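What follows is each chain in one-letter form.
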Amino acid sequence: MAWIVQNRLQPYTPTRSEPYITEKIRKEIEEKYFPRYPTKRAALLPLFHLIMHEYGFIAAQAIDEAATLLGISASEVQDAATFYEEFRFEPSGKYVVNVCRSIACELCGHEKVLAKIKEIFGIENFETTEDGLITLFEVECLGLCEFAPAALINGERQCNLTPDGFVETLKKLPKEVAPHDNGH
Amino acid sequence: MAFNGPILLKRIPDEASQRKLIRYDDYVASGGYKAYNQALAMKPEDIINVVKDSGLRGRGGAGFPCGVKWTFLPKDIFPRYLAVNYDESEPCTFKDRYLCEYDPHVLLEGIAIAGIANRISASYIFIRGEYHTQAKILEEALKEAYEKGIFGKAYPGTDIVHHCYVHRGAGAYICGEETGLLEALEGKRGWPRIKPPFPAVAGAFAKPTIINNVETLACLPYIVENGAAAFKAMGTPTSSGPKLMGVSGHVNKPGVYEEELGIPMGKLIEKYAGGVKGKYKAAFHGGISMGVLGTNQYDAPLDFDIGKAFGVLGLGTACVTVMNESTDMVKVARNCVRFYAHESCGQCTPCREGSAWAYKMLNRICDGRGKAKDLDLLLEIGLAQGIMPGTTICGLADGTNWVIKTILQKFPEEFKAKIKAESVQGVDVTVGGVKV
Ligand SMILES: Cc1cc2nc3c(=O)[nH]c(=O)nc-3n(C[C@H](O)[C@H](O)[C@H](O)COP(=O)(O)O)c2cc1C
Ligand code: SF4
Ligand code: FES
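The listed protein sequences correspond, in order, to chains A and B.
Note that my numbering has the first sequence beginning at 2, numbered continuously upward.
Note that my numbering has the second sequence beginning at 17, numbered continuously upward.
Please note that a few of the clues may not be correct.
[What the hints assert, rightly or not] In silico SDA-like links for lysine to any residue, alpha-carbon gap of 20 Å or less:
#	chain 1	residue 1	chain 2	residue 2
1	B	204	A	163
2	B	152	A	156
3	B	223	A	66
4	A	41	B	179
5	B	223	A	40
6	B	36	A	40
7	B	59	B	241
8	B	269	B	59
9	B	59	B	44
10	B	324	B	269
11	B	269	A	158
12	B	293	A	163
13	A	33	B	168
14	A	41	B	221
15	B	26	B	249
16	B	451	B	399
17	B	36	B	214
18	B	293	B	344
19	B	169	A	36
20	B	297	B	429
21	A	33	A	54
22	B	204	A	158
[Claimed, not checked] To list a few chain A residues with every Cβ distance to chain B over 10 Å, as calculated:
#	residue
23	58
24	74
25	76
26	107
27	141
[As the list claims (entries may be wrong)] Covered stretches of chain A (chain B as the covering partner; in silico rule of three or more C-beta atoms under 8 Å from a C-beta of chain B):
#	stretch
28	43 to 57
29	65 to 72
30	85 to 91
31	146 to 153
32	159 to 169
In short, the hints are calculated from the structure, not lab data.
These figures come from a predicted structure and were not determined experimentally.
Every residue gets a Cβ at the ideal spot worked out from N, C-alpha and C, and that includes glycine.
Please build the complete structure, drawing on both the sequences and the hints.
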C-alpha cells in the first residue's frame with residue numbers, strides 16, 4: 002500500500018566500497034537533469050529510475066549516496082522513494098511480471114491467468130521463482146484495457162492473455178540474457 | 017452537432033496494422049505545427065480568448081474550462097510552469113496513451129501553444145512510470161521538436177525561453193491528482209496538497225503553474241487553426257468539441273475512438289466498438305471513479321451534464337467499460353474498492369481507513385458471510401468520504417464514495433442475494449433506509 006512507509010531497510014546499512022551511483026549516473030543527473038529543475042531534489046525520481054535500470058533494486062547505500070547527490074537528508078530520500086511502487090528495495094527476478102488486476106482485466110478473465118501462473122510456477126504475489134527468473138506482481142490498471150487481460154514483462158506489453166498462452170510465454174523467456182531492459 | 021470524422025486521431029488509421037509512429041516530417045506534411053506558427057504571431061490574450069470562446073473543458077476528469085483556468089495565473093509573476101498530466105492511471109482509461117503512442121507531436125504542438133499563451137518557462141510532461149515505451153517515444157519526438165526550434169527558443173518579443181521535459185512517475189495513481197503530481201515533480205511523496213493556495217498561484221516549486229491533461233492540450237492546435245466556432249460546432253452547448261473515448265470490457269471491438277461529446281453511450285458502443293458481447297447490464301462511462309451507469313441507462317449521452325441526469329459523479333475520462341449480464345456487481349464493487357484502498361495516499365483517515373474497511377466488508381459479502389446490516393453500513397462508509405462531504409484533501413475518496421454508492425443503489429438485489437440467509441430472516445434489508 003502506497004501509504005505504508007515500508008520498513009525494508011536493515012538497522013545498519015550494509016556497505017560496499019564501490020558506489021551504487023556510478024560516475025555515469027552521477028554525470029547524467031548533474032548534466033541532464035539538474036538544469037531542468039529549480040531544485041536538485043526534483044531529480045529524485047529520475048535518479049531512482051536510473052538506479053533501478055542499472056541494478057533492478059535500490060540498495061540502502063544508494064539512498065545515502067542519493068542524499069549526498071541531491072543535497073537532502075537520507076530520511077527525506079527514503080520517505081519519498083518508498084512511496085512509489087515501481088521502486089523496490091530488494092532484488093527481484095530477472096523478469097518482473099506485472100499482471101493487471103483492475104476491473105477491465107477482471108471482466109476479461111485475469112483471475113484465471115493469475116491462478117495458472119501461481120500454479121505452474123509455485124509463486125504468489127511479490128514472490129520470485131526458485132531459479133530467480135520470474136517475480137510476480139499483481140498491479141492496478143496498466144492503461145492497456147483494450148487488450149485486457151494485460152500484463153507487462155520488464156515493461157514490455159503483453160496483450161489479450163490466456164492462461165495457457167501466457168504460461169507458455171513465460172516458460173520461453175531466455176534464461177541467460179533478458180532480451181529487453183527492465184522498464185526503467 | 018456536426019462531427020465529420022476524427023480531429024485528434026486524424027493521423028492514426030482505424031486499421032491497427034497500418035498504424036505507425038508519426039514523426040515530425042509526417043506531422044508537418046499533414047498540416048502539423050501550422051497552428052503553432054499562427055499562435056506565434058498572435059497576442060497571448062488573443063490565444064487565451066479563443067480557447068475560452070471555444071468552450072474547451074478539461075479532458076482529465078474534472079471538466080474545468082481550460083481558458084478560464086489560464087486566466088487564474090497572477091499577472092507579472094514569473095517563471096510560470098506547465099505540468100502536463102499524462103499520468104493516466106484511472107482504471108479503464110487509456111486514451112492519452114493511445115494518442116501519444118502514435119502522434120506525440122499533437123501533444124507537443126498543444127504544449128507549445130499553451131506555452132505561448134501563458135509565457136511558460138518550463139513544461140513538464142508527467143507520464144506514469146508504466147508508460148515507459150511511451151516516454152521513449154515522447155523523448156524522441158521532443159528531440160525532433162527541439163531541433164526544429166519549437167522548444168528551447170524565446171517567445172517573440174520576450175526573453176522567456178520555453179523548455180519542455182519528460183518527467184516519469186513511478187507507479188502511484190495519486191500522482192494524477194494535480195497537486196500530488198506537483199509533489200512528485202518536486203521529488204517528494206505524491207501527497208496531494210491542501211488548497212488554497214491553488215497551483216495557478218503557487219504550484220510547482222511555489223511558482224504559478226497550470227496543470228492540463230494531455231487531451232486538453234491536444235485540442236489546442238485545432239482550436240487555434242480553425243477558430244472557436246468550428247470547435248463549438250461539435251458537441252453540445254455545455255460540452256463542446258470532440259472527445260477521445262476508450263471502450264473496453266465486454267464489447268466486440270475494444271479500442272480508442274473519437275466522437276463529439278454528447279453521443280449516447282449505446283451509439284458509441286454499437287457504431288465503433290462492435291456492440292456488446294452478450295446482454296448489456298452496466299458500464300463505467302468515465303473511469304471507475306465516476307460510478308456506474310445502470311441497466312436502463314445504456315443510452316446516456318456522454319457529455320459534462322451526465323452527472324445529475326444519470327446519478328453519477330460526472331463525465332470523468334469518457335472511457336467506457338461495458339459489463340454484460342454475466343457480471344457479478346458485488347465483485348465489481350470489491351475490485352474497485354480494493355483499488356482505492358491500495359492507492360489511497362494515506363493522509364486522510366476517512367479515505368485510508370474507510371476504503372480498507374469497505375474492502376473488508378465487500379470481501380465478507382462476496383464470501384457469503386455478510387450480514388443484513390452490512391449494506392447500510394457500507395453505504396454509510398462510502399458516503400462519509402470525499403471532498404464533497406468535506407472529509408478529505410483530494411478527490412480520490414470521492415471515487416470510493418461514488419463507486420460504492422452507485423453500485424449499491426443501482427444493484428441492491430445482488431448484494432442482498434449474497435448476504436447470509438439466516439441474517440436476512442425477519443429483518444428488512446435496507447440500503448440508505450430504502451428497503452431492498
Ligand atoms: C485521484 C485523482 C486522480 C487523477 N488522475 C488524473 C490523471 O491520471 N490524468 C489527468 O489528466 N487528470 C487526473 N486527475 C484530474 C487532475 O487533478 C486535474 O483535474 C486535471 O489534470 C486538470 O487538467 P484538465 O483541466 O486539462 O482536465 C485526477 C484527479 C484525482 C482526484
Ligand atoms: S483523499 Fe485519500 S488519496 Fe486523497 S489526500 Fe486524502 S488520503 Fe490521500
Ligand atoms: S484494467 Fe487492466 S489494463 Fe486497465
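Results of checking the hints against the structure:
1. A hinted pair counts as satisfied when its Cα atoms are at most 20 Å apart, and residue 204 of chain B with residue 163 of chain A does not qualify at roughly 39 Å.
2. For the hint linking residue 152 of chain B to residue 156 of chain A, the alpha-carbon distance of about 12 Å falls within 20 Å, and the restraint holds.
3. Between the alpha carbons of residue 223 of chain B and residue 66 of chain A the distance comes to roughly 29 Å, so the proposed pair goes past 20 Å and is violated.
4. A threshold of 20 Å between alpha carbons decides the hint, and for residue 41 of chain A with residue 179 of chain B the separation of about 17 Å falls inside it, so the pair holds.
5. Our distance criterion of 20 Å between C-alpha atoms is met by residue 223 of chain B and residue 40 of chain A, whose separation comes to about 12 Å.
6. This hinted pair does not check out: residue 36 of chain B and residue 40 of chain A have alpha carbons roughly 38 Å apart, beyond 20 Å.
7. Annotation: proposed proximity of residue 59 of chain B to residue 241 of chain B holds, straight-line Cα distance about 15 Å (limit 20 Å).
8. Proximity of residue 269 of chain B to residue 59 of chain B is assessed by CA-CA distance (about 44 Å); at most 20 Å being required, the pair is judged violated.
9. Straight-line distance between C-alpha atoms of residue 59 of chain B and residue 44 of chain B comes to about 23 Å, which puts the hinted pair past the 20 Å bound.
10. Restraint check for residue 324 of chain B and residue 269 of chain B: the C-alpha separation of about 30 Å exceeds 20 Å, so the hint is violated.
11. Proposed proximity of residue 269 of chain B and residue 158 of chain A is supported: the alpha carbons are some 19 Å apart, at most 20 Å.
12. Restraint check for residue 293 of chain B and residue 163 of chain A: the C-alpha separation of about 18 Å stays at or below 20 Å, so the hint holds.
13. Restraint check for residue 33 of chain A and residue 168 of chain B: satisfied, since their Cα atoms lie roughly 14 Å apart, inside the 20 Å limit.
14. Taken as a hint, the residue 41 of chain A and residue 221 of chain B pair is honoured in the structure, with Cα atoms around 11 Å apart against an allowance of 20 Å.
15. Between residue 26 of chain B and residue 249 of chain B the alpha-carbon distance is near 18 Å, which keeps this suggested pair within the 20 Å criterion.
16. Restraint check for residue 451 of chain B and residue 399 of chain B: satisfied, since their Cα atoms lie roughly 18 Å apart, inside the 20 Å limit.
17. A threshold of 20 Å between alpha carbons decides the hint, and for residue 36 of chain B with residue 214 of chain B the separation of about 40 Å lies outside it, so the pair is violated.
18. Among the hinted pairs, residue 293 of chain B with residue 344 of chain B is consistent with the structure: their alpha-carbon atoms are about 16 Å apart, no more than 20 Å.
19. This hinted pair checks out: residue 169 of chain B and residue 36 of chain A have alpha carbons roughly 16 Å apart, not beyond 20 Å.
20. With a C-alpha separation of about 14 Å, the suggested pair residue 297 of chain B and residue 429 of chain B falls inside the 20 Å cut-off, and the hint holds.
21. For the hint linking residue 33 of chain A to residue 54 of chain A, the alpha-carbon distance of about 17 Å falls within 20 Å, and the restraint holds.
22. The straight-line distance between the Cα atoms of residue 204 of chain B and residue 158 of chain A is roughly 28 Å, outside the 20 Å bound, and the hint therefore fails.
23. The beta carbon of residue 58 of chain A is kept farther than 10 Å from every beta carbon of chain B, the shortest such distance being approximately 13 Å.
24. No beta-carbon of chain B is positioned within 10 Å of the beta-carbon of residue 74 of chain A; the least distance is around 13 Å.
25. The claim that residue 76 of chain A lies off the interface holds: its Cβ sits roughly 12 Å from the closest Cβ of chain B, which is beyond the 10 Å cut-off.
26. Taking the minimum C-beta to C-beta distance to chain B, about 5 Å, the non-interface status of residue 107 of chain A is violated against the 10 Å cut.
27. Not every C-beta of chain B lies more than 10 Å from that of residue 141 of chain A, the closest at about 6 Å, which undercuts listing it as non-interface.
28. Judged by the Cβ-Cβ criterion of 8 Å, the stretch 43 to 57 of chain A is covered by chain B as claimed, because 7 of its residues qualify and three suffice.
29. Using a Cβ-Cβ cut-off of 8 Å, 1 residues of the stretch 65 to 72 of chain A lie near chain B, which falls short of the minimum of three, so the contact claim is violated.
30. Counting residues of the stretch 85 to 91 of chain A whose C-beta lies closer than 8 Å to any C-beta of chain B gives 4; at least three are required, and the coverage claim holds.
31. For the stretch 146 to 153 of chain A, the proposed coverage by chain B is satisfied: 5 residues have a C-beta within less than 8 Å of a C-beta in that chain, meeting the threshold of three.
32. Under a criterion of three residues with beta carbons nearer than 8 Å to beta carbons of chain B, the stated coverage of the stretch 159 to 169 of chain A fails, only 0 such residues being counted.
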